[in-house]
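Protein chains in written order, with this note's numbering: chain A, 1 to 465; chain B, 466 to 513; chain C, 514 to 571.
Be a bit skeptical, because a hint or two may be false.
What the hints assert, rightly or not - No farther apart than 30 Å at their CA atoms in a straight line, the calculated lysine-lysine pairs in the DSSO-like style are these:
no.	chain 1	residue 1	chain 2	residue 2
1	C	Lys518	A	Lys232
2	A	Lys179	A	Lys232
3	A	Lys232	C	Lys524
Keep in mind that the hints were calculated from the coordinates and are not lab data.
Since this is a predicted model, take the numbers as computed values, not measurements.
As a plain string of letters, each chain reads:
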Amino acid sequence: MLRTSRRLVDGWADLGTRFLPFADAANADLPLSRLLRLSLFQVSCGMAMVLLMGTLNRVMIVELHVPAALVAIMVSLPIFFAPLRAVIGFRSDAHRSALGWKRVPFIWRGSMVQFGGFAIMPFALLVLAGAGQSAHYPAWIGQLAAGLAFLLVGAGVHTVQTVGLALATDLVPEEDQPKVVGLMYVMLLAGMIVSALAFGVLLETYTPGRLVQVIQGAAVLTLILNVLAVWKQEARDPRRHEPRPPIAEVDFQDAWGVFRRGPDALRRLLVVGLGTAAFSMEDVLLEPYGGEILRMSVSDTTLLTATLSAGGLFGFWLASVVLGRGYDAFRMAGIGALVGLPAFALVIAAAPLDSPGWFGTGVMLIGVGGGLFGHGTLTATMRAAPRDAVGLALGAWGAVQATAAGVAVGLGGILRDVYAAATEPVLGYIFVYSLELLLLVVTIAAMVPLAGWRRDHATTRKQAA
Amino acid sequence: MSEKVGLTGLTEAESEELHRNLIQGTQFFGMIAALAHLLAYIYTPWLG
Amino acid sequence: MIYGKMWTVVKPTVGVPLLIGAVAVGSFAVHLAITTHTTWVSKFLNGEPINAPAAASS
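Pulled out of the complex, with its shape left as it was, chain A reads as follows:
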């Protein structure tokens, strides 16, 4: 039957160890349509992020009149799940399955969890707000339910994204990885932009019924997108019927121990964390800075988001092209951090010069620098990941990246408030931007040993393989 012939083909593919379990990837490189389909999971992740951080944040405060502090707690809940990405990635590496799948079960479960979170979310939010007759019930029901909903969605997003990126790394030969990373970032951004616009239009006239429809629509869309994304992507491991070596049962501690002893593993993660924090701290401060300090109009400040995105897209594109030619990925990330230096300097200088033009240029450069940095570190992580620990490596990257971004965004707002209250509004912003400059300098300093070392890693890894 078909199975036996496929096993034969897989046997041949085993000779070229690089594409081990994937007979399809060996003979022809992945067609673009399949990669595009795979990247749909990023669209669903982007949609979930926008819904959590943007749309629901606003709906809860403006329409549902939930206290801002409670909203802040709820919205920040998913971040506590971010460090677990490393564990999720490891679990999918070590997943033992008679079906021979490592990634698909996790993406499926992650999608289900995300779907479940969205399914209960609208009702949980309405109960949290004490709307309808829910005021008759104790308040903790709403708080618990809303917290659970946010946690479930966060857990789902983190799982799907970690394992999805690991699957992409599995599928794609090393020379094509930069293209895939670029594609993944672009699709995440596209998902965020499109869904932000769509949610804005759909919730233009808010009613509780509309809220239920929109969020549950997002739930169904999540399932559809993720199923479409992984449909027939991961080939089943041909060695699944062979008896497993008994020592292969490793736990997370051991795997992590091996991973952290890899060349510069911890320094790489440190750089990712510092750089990501440096590039995300200004996230919620750019628009109020433009409005409050530079007295830009609302439409002009909204344009800032577009400017930032355009810069990011250019950065992703540039990084894809340059890294596709074999340029060192960490050096590319370093260039991104270097671009960030004039960017934040321009943003700071815009206040004394009272120049929205300088500010806009700075924002675009932040986008470019952030794009180059993100692309560079992710590509470097993919290239350095040992074939049997792809999930762990990408999980660790994602854990550091998501945690750093989440903490930095929150910290940026708090620091601005505290410092502005102690001095004056302008200085609150300038303080945060200066802190980002400092973080970038530290990042670059920490990166210096990495750029020179890279070549040695590559050769030792080839010899080991």
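Chain A is already provided as a structure; the job is to place chains B and C on it using the hints.
Positioned in the frame of chain A, the structure of chains B and C alone reads:
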């Protein structure tokens, strides 16, 4: 390791694993559905 | 579990979509029936404010 292959080409182990996933998925889905209906009821007894 | 071996007999490519589809169609049908046979769901979805706590549902 049982290598009995059924009519569908799946071994017993594969079949069991598939079934386990389906059961887990159904249980999770059921719990979520029950919770959602409970919350909807708390919000307003059937939207009345 | 005795049912676990059923997929050696039923092709998963047929059985799994059948199962999931049955759940999806079933639950969708129930909600659709409630929407068409009562007034309060469509009222709610059309944005009419729900009753105040004092006036219980009829």
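Hints and how they fare:
1. C:Lys518 <-> A:Lys232: Judged against 30 Å, a Cα distance of about 23 Å means the pair holds.
2. A:Lys179 <-> A:Lys232: 21 Å, holds
3. A:Lys232 <-> C:Lys524: Measuring from Cα to Cα gives roughly 16 Å; hence the hint holds.
In this structure, every one of the numbered hints holds.
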